[in-house]
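Engineer: Please build the complete structure, drawing on both the sequences and the hints.
Protein chains: 2
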Amino acid sequence: MTDFTQIDRYIADHLDQSLDELGLLVAQPSVAAQNWGLVECAALVKDMLGKRGFQVQIQSTAGAPVVFAEYLLPPGSPGADKTLLIYNHYDVQPPEPLELWDSPPFEPSLRDGKLYGRGVSDDKGHLVSRLHAIDAIQAVDGGLPCNIKFIIEGEEEVSSINLKQYIHEHAEQLAADVCIWEFGGVDHREVPIQYLGLRGICYVELSVETASSDVHSGLGGSIFPNAAWRLVWALNTLKGPDERIRIPGYYDDVDPPSARDRELMAQLPEVADEYKTRYGVSSFLKGLTGGTALHIAEVFEPTCTICGLTSGYQGPGSKTVLPARASAKVDFRLVPHQTPERVLRLLRAHLDSEGFSDVQITFLGGEPSGRTDPADPFVQLVVETAEPVYGVPMQVVPLTGGSGPNHPFIEVLKVPVVAAGIGYPGTKAHAPNENIRVDLYEKGARHIARIIKGFASQL
Amino acid sequence: MTDFTQIDRYIADHLDQSLDELGLLVAQPSVAAQNWGLVECAALVKDMLGKRGFQVQIQSTAGAPVVFAEYLLPPGSPGADKTLLIYNHYDVQPPEPLELWDSPPFEPSLRDGKLYGRGVSDDKGHLVSRLHAIDAIQAVDGGLPCNIKFIIEGEEEVSSINLKQYIHEHAEQLAADVCIWEFGGVDHREVPIQYLGLRGICYVELSVETASSDVHSGLGGSIFPNAAWRLVWALNTLKGPDERIRIPGYYDDVDPPSARDRELMAQLPEVADEYKTRYGVSSFLKGLTGGTALHIAEVFEPTCTICGLTSGYQGPGSKTVLPARASAKVDFRLVPHQTPERVLRLLRAHLDSEGFSDVQITFLGGEPSGRTDPADPFVQLVVETAEPVYGVPMQVVPLTGGSGPNHPFIEVLKVPVVAAGIGYPGTKAHAPNENIRVDLYEKGARHIARIIKGFASQL
Numbered sequence: 012m013t014d015f016t017q018i019d020r021y022i023a024d025h026l027d028q029s030l031d032e033l034g035l036l037v038a039q040p041s042v043a044a045q046n047w048g049l050v051e052c053a054a055l056v057k058d059m060l061g062k063r064g065f066q067v068q069i070q071s072t073a074g075a076p077v078v079f080a081e082y083l084l085p086p087g088s089p090g091a092d093k094t095l096l097i098y099n100h101y102d103v104q105p106p107e108p109l110e111l112w113d114s115p116p117f118e119p120s121l122r123d124g125k126l127y128g129r130g131v132s133d134d135k136g137h138l139v140s141r142l143h144a145i146d147a148i149q150a151v152d153g154g155l156p157c158n159i160k161f162i163i164e165g166e167e168e169v170s171s172i173n174l175k176q177y178i179h180e181h182a183e184q185l186a187a188d189v190c191i192w193e194f195g196g197v198d199h200r201e202v203p204i205q206y207l208g209l210r211g212i213c214y215v216e217l218s219v220e221t222a223s224s225d226v227h228s229g230l231g232g233s234i235f236p237n238a239a240w241r242l243v244w245a246l247n248t249l250k251g252p253d254e255r256i257r258i259p260g261y262y263d264d265v266d267p268p269s270a271r272d273r274e275l276m277a278q279l280p281e282v283a284d285e286y287k288t289r290y291g292v293s294s295f296l297k298g299l300t301g302g303t304a305l306h307i308a309e310v311f312e313p314t315c316t317i318c319g320l321t322s323g324y325q326g327p328g329s330k331t332v333l334p335a336r337a338s339a340k341v342d343f344r345l346v347p348h349q350t351p352e353r354v355l356r357l358l359r360a361h362l363d364s365e366g367f368s369d370v371q372i373t374f375l376g377g378e379p380s381g382r383t384d385p386a387d388p389f390v391q392l393v394v395e396t397a398e399p400v401y402g403v404p405m406q407v408v409p410l411t412g413g414s415g416p417n418h419p420f421i422e423v424l425k426v427p428v429v430a431a432g433i434g435y436p437g438t439k440a441h442a443p444n445e446n447i448r449v450d451l452y453e454k455g456a457r458h459i460a461r462i463i464k465g466f467a468s469q470l
Numbered sequence: 012m013t014d015f016t017q018i019d020r021y022i023a024d025h026l027d028q029s030l031d032e033l034g035l036l037v038a039q040p041s042v043a044a045q046n047w048g049l050v051e052c053a054a055l056v057k058d059m060l061g062k063r064g065f066q067v068q069i070q071s072t073a074g075a076p077v078v079f080a081e082y083l084l085p086p087g088s089p090g091a092d093k094t095l096l097i098y099n100h101y102d103v104q105p106p107e108p109l110e111l112w113d114s115p116p117f118e119p120s121l122r123d124g125k126l127y128g129r130g131v132s133d134d135k136g137h138l139v140s141r142l143h144a145i146d147a148i149q150a151v152d153g154g155l156p157c158n159i160k161f162i163i164e165g166e167e168e169v170s171s172i173n174l175k176q177y178i179h180e181h182a183e184q185l186a187a188d189v190c191i192w193e194f195g196g197v198d199h200r201e202v203p204i205q206y207l208g209l210r211g212i213c214y215v216e217l218s219v220e221t222a223s224s225d226v227h228s229g230l231g232g233s234i235f236p237n238a239a240w241r242l243v244w245a246l247n248t249l250k251g252p253d254e255r256i257r258i259p260g261y262y263d264d265v266d267p268p269s270a271r272d273r274e275l276m277a278q279l280p281e282v283a284d285e286y287k288t289r290y291g292v293s294s295f296l297k298g299l300t301g302g303t304a305l306h307i308a309e310v311f312e313p314t315c316t317i318c319g320l321t322s323g324y325q326g327p328g329s330k331t332v333l334p335a336r337a338s339a340k341v342d343f344r345l346v347p348h349q350t351p352e353r354v355l356r357l358l359r360a361h362l363d364s365e366g367f368s369d370v371q372i373t374f375l376g377g378e379p380s381g382r383t384d385p386a387d388p389f390v391q392l393v394v395e396t397a398e399p400v401y402g403v404p405m406q407v408v409p410l411t412g413g414s415g416p417n418h419p420f421i422e423v424l425k426v427p428v429v430a431a432g433i434g435y436p437g438t439k440a441h442a443p444n445e446n447i448r449v450d451l452y453e454k455g456a457r458h459i460a461r462i463i464k465g466f467a468s469q470l
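Line by line, the protein sequences give chains A and B.
Following the working numbering, the numbering of the first sequence begins with 12 at its first residue and continues without gaps.
Following the working numbering, the numbering of the second sequence begins with 12 at its first residue and continues without gaps.
The hints are simulated quantities; they were obtained by calculation from the structure and are not laboratory data.
Check the hints yourself; a few may be wrong.
If several chains are the same, the list does not tell them apart, and a pair holds so long as it fits within one copy or across any two.
Claimed, not checked - Using 20 Å as the maximum straight-line C-alpha spacing, the simulated SDA-like pairs for lysine to any residue come out as follows:
hint, residue 1, residue 2
1, Lys93, Ala73
2, Lys125, Gln184
3, Lys93, Gln66
4, Lys297, Pro252
5, Lys297, Gly366
Structural biologist: Listed below in structure tokens is the structure:
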């Protein structure tokens, strides 16, 4: 076994420095949905990698640029035949609602062992903790033990709309043996979790326009079509209170969990009480109360979620107006074998057949689900190297509820994709007061250092 | 017949001056829904009446102050036994959406014979045109021929939430023989219209909270309740695409139009094409195509209108969030004999019985419908004095679609309430680019002068 005493000491001794660097990155807003600060943030990321000896390129796409970086050992030297690819993203979610933040989202704030700020967890903290691990290896060993490539995109929070094409076009440049995914972390028991699959997603905006301008509700209420009502009725045809999605054919290509999937899911701890406390919900849908059934429903069932509703007057008090326009953001989470293309086709046909041809569908992004084989040796390495850091065995989860563009990594680059990172349940990703725990930031860096060195020496 | 040559000349000669005064009033924002500028606007109105010899008081309510003004003739002098009450309001609708205005809403702009600005029509233009008529009578006759009282409230656009109580408490002070309502005007044929009744209203906000904070949609979509879905399903139980309101008992106390009502409605001109052009709608609800059926449906049927929808992420692009909160603004227009109190009670019972006890109802204001008898002599006076001004007979409409607090005027103060004013179909009240036509502003003042003098000399 390699001795990690010196590497761990370097990581601990230089922790404040690394958090300062993370703070600089968080202070640069980079909201993909609002096209805010992306180019500036990409430039900052380029500098951070460049000063660690990586060759860095900012590569354009149809949307936000991708930062590609590589550290290649001289051909023939030990480790030069092994390449580890790391995927991260520099974009973040919108900070709204601003009034619910205890400190401004783009002014990183360290309080009680936590660092707060938009993107500090999702995903800038993961990226900088990995750089911290690389710093430690370079400082202690005088260099890196294998080739390392970074692909850091700027549109993950808007469904990675251009990444699939980027990967197809740059498959050779990205060639690698294994891949570390953008996230990872511990659950509410402090047990590190290995997520081996992501759900897919199909994100749409549904919109209706019934008139050229809003009308006084006293005039039009009885005789004019109302865009808000049209939207409500159209949405109501998609899903009812029984939570069954009513689009004909929607469930046809759903791949149910395998026996091995169920076995792994059954090993997960009870989360019911913890979810209720954390999110302030009083009960779960479909009569679920907890246990393996809750775990399986959480990830193996496709969803139809209203993410936002917009119509008419939304200010304080009353305004008597009949809205000419209404729209909803709707996110379908896809399980293995469902595709965004098919969901779009079924959705259009369904709305038409229900009499809602006036409801427009705007596709805002999507990707299929992707999964890595639990038996892959790299998965085993990541699981084994976690225990000395976290003090407990890593738990393997076959599929998680979130989405991400792992499908082209697995299917085009043909790499196993693993999770390792600094996350924890209270991180509030996508919500106000997003934060990371400093202790887990340190552990995450130590784990990454072990993965890199373990991969380089793996047969 | 009184000769109005001199009065009409005064009104024409001093038109610019009056419009300048209106411009000053419009430049003072006074948005009741946003509690913006109300006290400042009331003070401005007080000054305008004071300099015309009215005794003016600013009287407080639980909300925005009421401006009360009276011009009383010495007891025993001719006309001192007759009192005309004028009702107006100094508050305006919110100016949003700002980007759709061609000139800023609170910077009055005169273009092509029209004056633009928020409130220029609803209701500040009506008020100032009446002052202009009063100026003309005073200038020509050296005084007013009867007592005149003004009640000018500041919460009409938020359902006059405190006016009913104010009228009850100040009934003696407000004592009068007749009342001129806040609005009036011509239709698309340039025919002046006499509206003798208003629908009532019950305006509520429906809100749902399903968790203490928004949740990442990838996590919660399959297992957590979603406030936006709860709201959609609850709204869907209120009304379906057949436009029938599904609240049990809702139609029980609806008073259908009388034979005389139908007779008057049948005299109204066709509006179908004009509505389609003006509002950019392609068809009407319930298979209506026009004619008397459209007129009757427009005002004699109670409504349930979604005025606004709010939930989750509403910005550009996508945000994968499961909303913890959702709300809708909903306006019920009431026909004679329906009351807001009963609608609230039925709505609560209905939501509970449909499984939506989690949907909160916040009452944002309301009032019953109120109607004046078409046979009242003051109504006849207003109709007769319109023809010399407009060149065509005034048309009497028994009920109109809008709402207002006429019920306590009719039921508590026991006055007939008539409409006379400067409105026209293109006025865009409650919408961007609200405007008045200068020619109608002048005609409105001429008509008011005739009503005042006619009322004073009426037996």
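Engineer: Regarding Lys93 and Gln66, is the shortest C-alpha distance of 20 Å or less found within a copy, between copies, in both, or in neither?
Structural biologist: within (17 Å within a copy, 93 Å between copies)
Engineer: Should Lys297 paired with Pro252 be assigned to within, between, both, or neither, using CA atoms and 20 Å as the limit?
Structural biologist: within (9 Å within a copy, 28 Å between copies)
Engineer: Given identical chains, is Lys93 near Ala73, meaning Cα to Cα at most 20 Å, within a copy, between copies, both, or neither?
Structural biologist: This pair counts as neither: shortest intra-copy Cα distance 31 Å, inter-copy 76 Å.
Engineer: Which holds for Lys297 with Gly366 at a C-alpha limit of 20 Å: within a copy, between copies, both or neither?
Structural biologist: For Lys297 and Gly366, only the inter-copy Cα distance (15 Å) is at most 20 Å; the intra-copy one is 28 Å.
Engineer: Within, between, both or neither: how does the pair Lys125, Gln184 come out at a Cα-Cα threshold of 20 Å?
Structural biologist: Neither, since 37 Å and 65 Å both go past 20 Å.
Checked against the numbered hints listed earlier, the structure breaks hints 1, 2; every other hint is satisfied.
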